[in-house]
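The whole structure should be built from the sequences, with the hints applied where relevant.
For the sequence shown, the tail end lands on 448 under this note's numbering, and the numbers increase by one without skipping.
Read the hints as simulated data drawn from the structure, not as lab findings. Computed from a predicted structure; not experimentally measured. Misleading hints may appear alongside valid ones.
[Said to hold, decoys possible] Each computed SDA-like pair below joins lysine to any residue, with the alpha-carbon atoms no more than 20 angstroms apart:
#	residue 1	residue 2
1	K211	K229
2	K229	S199
3	K269	R237
4	K229	S163
5	K268	F182
6	K211	G248
7	K269	E188
8	K229	L200
9	K269	D195
10	K268	D117
11	K36	S63
12	K211	R124
13	K122	A55
14	K268	R282
15	K268	D258
16	K268	V256
17	K269	A224
18	K229	R124
19	K122	E201
20	K268	P206
21	K396	T385
22	K122	G248
23	K381	T370
24	K269	G221
25	K269	G284
26	K268	T370
27	K211	E188
[Unchecked claim] Okay, the calculated beta carbon distance ranges per label pair:
#	residue 1	residue 2	range
28	E116	E34	38 to 48 angstroms
29	P169	I45	43 to 53 angstroms
30	D39	S199	52 to 62 angstroms
31	D356	S199	20 to 30 angstroms
In this text, a Cβ means the ideal position worked out from N, Cα and C, and glycines have one as well.
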Amino acid sequence: MSTPDREAVEVFLQEAAEHLQYLREYVSVLQDVEPKHEDLERLYIAAHTLGGTSASYGFPRFSEIAGKLAHVFQYALNAPLGEDLHGPLTEFLSDGISLLETDLLEISDTGHENVEDIAAFKERYRFAFPTEPPPLNLAQPEAPSPLAEEETGEPAPAAPTGSYFDALPADDEVPDEILEFFQPEAEEHLQVVSDCLISLEGNNNPEEINKLFRAIHTIKGSAAQVGLKRLGGIAHRVEDLIGRLREGEIEPSPAVVDLCLESVDLLKKTLHRQWADETEMRTGVDSLLGRIAEFAPLEPEEGEAQPAAVEATQQPGEPAEKMAASQAMAPAKKLVKQIAAASAAKSVRIALARLDRMMNTVGELVINRTRMVGRVGELEKLVDTLSFSKERLQGKVAEFQEKYEFNRISPNRNATPWNPESAPKFLSSAAVGETSFWSEFSELEMDR
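See the structure below:
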């Protein structure tokens with residue numbers, strides 16, 4: 001890098017650092033109930049400026065991430081954010097700002113962007129960075145024919161080819177060691193599904209239906225997490241069917257139970273990759289999902305066909321500025337909805353009563369633990385006190401023993417062999433039966 005280029009980059013680094021510091025300090029305003037319009041506008045300007053200047057200095061990846069942040073702030077400027085969006089948006093923005101700070105340090109040190117971290121970020125938030133080029137999407141509306149739909153009276157196909165299988169996302173590259181752990185776990189949940197379905201025949205038990213729903217929901221989430229997206233997509237449609245059972249919209253008739261059992265067989269076959277080829281798999285999946293659609297029709301995605309029609313009817317009477325603003329807002333709206341949808345996919349629904357019981361139990365455990373810690377502390381203090389008292393007592397006993405200990409005294413201690421008459425006159429004879437003066441001390445002993 002030449003000296004003039006280095007000087008220009010230094011200017012960019014200084015400006016970018018100031019904008020990132022502002023974003024880091026004030027991004028939390030999105031969590032306010034009613035954030036100020038001025039604060040949101042400054043955040044949008046900061047992110048938008050980062051995207052523009054980084055692109056002009058030749059850092060396209062930095063510019064792409066900053067542009068996504070600007071889309072979010074632009075959406076917050078023009079539409080209120082629900083409580084369900086605060087958490088996902090804050091997480092996305094915080095990770096994005098951290099990534100830009102790391103990338104800025106890398107540019108300052110080496111002059112190049114941190115490609116690996118940016119790739120990891122785009123992989124984590126894959127929904128915000130579509131990999132398919134836009135021209136492919138432009139050709140898709142030509143596939144379904146309105147005239148054919150009017151003649152047959154059937155709904156639009158699930159995919160441009162009319163195949164449910166083609167509408168499913170392709171599987172990722174899943175390592176064999178992951179499959180070794182996932183397949184036995186999925187088999188256990190599928191066995192739970194089969195047992196619940198068998199028990200439902202002739203017995204509409206809400207507890208069994210809830211257990212059935214939880215098992216299939218776990219299969220769907222686990223499959224999507226490890227990268228088996230086709231398996232997760234099929235399980236998702238089975239979950240929709242069981243969800244209608246749980247809501248009471250349909251009854252667990254023999255036809256519905258048989259269809260769910262067939263779904264379990266197809267899921268097992270897909271899990272263990274027992275299809276002869278992709279054509280056989282497409283036929284089986286299309287047949288099953290078509291029958292499921294009869295009981296649980298696919299709902300149109302929000303923001304697709306119906307909003308487009310509404311916009312089409314409103315646009316002729318709107319000013320040009322409103323039309324331009326609406327078109328500019330389209331990417332931001334799409335990004336925010338994708339963030340919310342991704343966050344919902346990571347969530348698990350738990351009954352409120354069960355959550356309350358769990359929180360109460362955790363509170364009781366914390367209280368009991370605190371009490372036990374206090375009791376242990378008191379016992380430790382008692383041990384110290386007893387140890388100190390023991391040491392003092394041992395010292396006093398040793399001192400007393402050293403001062404007063406003497407050997408057993410003999411009654412004839414003062415008599416000499418050559419002068420037996422020298423014994424004390426106050427000693428009486430034992431033959432008379434009287435006790436001598438020293439006999440009282442002859443059995444005296446000192447013990448610790």
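Hint check:
For the given pair, K211 sits about 23 angstroms from K229 by alpha-carbon distance, which is inconsistent with the 20 angstroms threshold. Pair hint K229 plus S199 does not hold up; C-alpha atoms about 29 angstroms apart against a cutoff of 20 angstroms. Taken as a hint, the K269 and R237 pair is honoured in the structure, with Cα atoms around 16 angstroms apart against an allowance of 20 angstroms. At roughly 16 angstroms between alpha-carbon atoms, K229 and S163 fall within 20 angstroms of each other, so this suggested pair holds.
About 12 angstroms separates the Cα atoms of K268 and F182, which keeps this hinted pair within 20 angstroms; it holds. Taken as a hint, the K211 and G248 pair is honoured in the structure, with Cα atoms around 15 angstroms apart against an allowance of 20 angstroms. Restraint check for K269 and E188: the C-alpha separation of about 15 angstroms stays at or below 20 angstroms, so the hint holds. In summary, the hint linking K229 to L200 is not supported, as the alpha carbons are separated by about 29 angstroms, beyond the 20 angstroms threshold.
For the hint linking K269 to D195, the alpha-carbon distance of about 18 angstroms falls within 20 angstroms, and the restraint holds. Only pairs whose Cα atoms come within 20 angstroms are accepted, and K268 paired with D117 is rejected, the gap being roughly 37 angstroms. For the given pair, K36 sits about 26 angstroms from S63 by alpha-carbon distance, which is inconsistent with the 20 angstroms threshold. Restraint check: the Cα-Cα separation between K211 and R124 comes to about 31 angstroms, which exceeds 20 angstroms; the hinted pair is violated.
Taken as a hint, the K122 and A55 pair is honoured in the structure, with Cα atoms around 18 angstroms apart against an allowance of 20 angstroms. Under the criterion of a C-alpha separation no larger than 20 angstroms, the hint pairing K268 with R282 is consistent with the structure, at around 15 angstroms. Annotation: proposed proximity of K268 to D258 holds, straight-line Cα distance about 15 angstroms (limit 20 angstroms). At most 20 angstroms may separate the alpha-carbon atoms for a hinted pair to count; K268 and V256 meet this at roughly 19 angstroms.
Straight-line distance between C-alpha atoms of K269 and A224 comes to about 17 angstroms, which keeps the hinted pair within the 20 angstroms bound. Straight-line distance between C-alpha atoms of K229 and R124 comes to about 16 angstroms, which keeps the hinted pair within the 20 angstroms bound. Under the criterion of a C-alpha separation no larger than 20 angstroms, the hint pairing K122 with E201 is inconsistent with the structure, at around 47 angstroms. Straight-line distance between C-alpha atoms of K268 and P206 comes to about 25 angstroms, which puts the hinted pair past the 20 angstroms bound.
Annotation: proposed proximity of K396 to T385 holds, straight-line Cα distance about 17 angstroms (limit 20 angstroms). Among the hinted pairs, K122 with G248 is inconsistent with the structure: their alpha-carbon atoms are about 41 angstroms apart, more than 20 angstroms. Of the pairs offered as hints, the one joining K381 and T370 holds, with about 17 angstroms between alpha carbons and a cut-off of 20 angstroms not exceeded. Using a Cα cut-off of 20 angstroms, the hinted pair K269 and G221 holds, with the two alpha carbons roughly 18 angstroms apart.
At most 20 angstroms may separate the alpha-carbon atoms for a hinted pair to count; K269 and G284 meet this at roughly 10 angstroms. Restraint check for K268 and T370: not satisfied, since their Cα atoms lie roughly 49 angstroms apart, outside the 20 angstroms limit. A hinted pair counts as satisfied when its Cα atoms are at most 20 angstroms apart, and K211 with E188 qualifies at roughly 13 angstroms. A beta carbon spacing of about 40 angstroms between E116 and E34 agrees with the range 38 to 48 angstroms that was offered as a hint.
Checking the proposed 43 to 53 angstroms range against P169 and I45 shows it is violated: the Cβ atoms sit about 37 angstroms from each other. Roughly 57 angstroms separates the CB atoms of D39 and S199, a value that falls within the hinted 52 to 62 angstroms. For the pair D356 and S199, the beta carbons lie near 29 angstroms from each other, so the given range of 20 to 30 angstroms is met.
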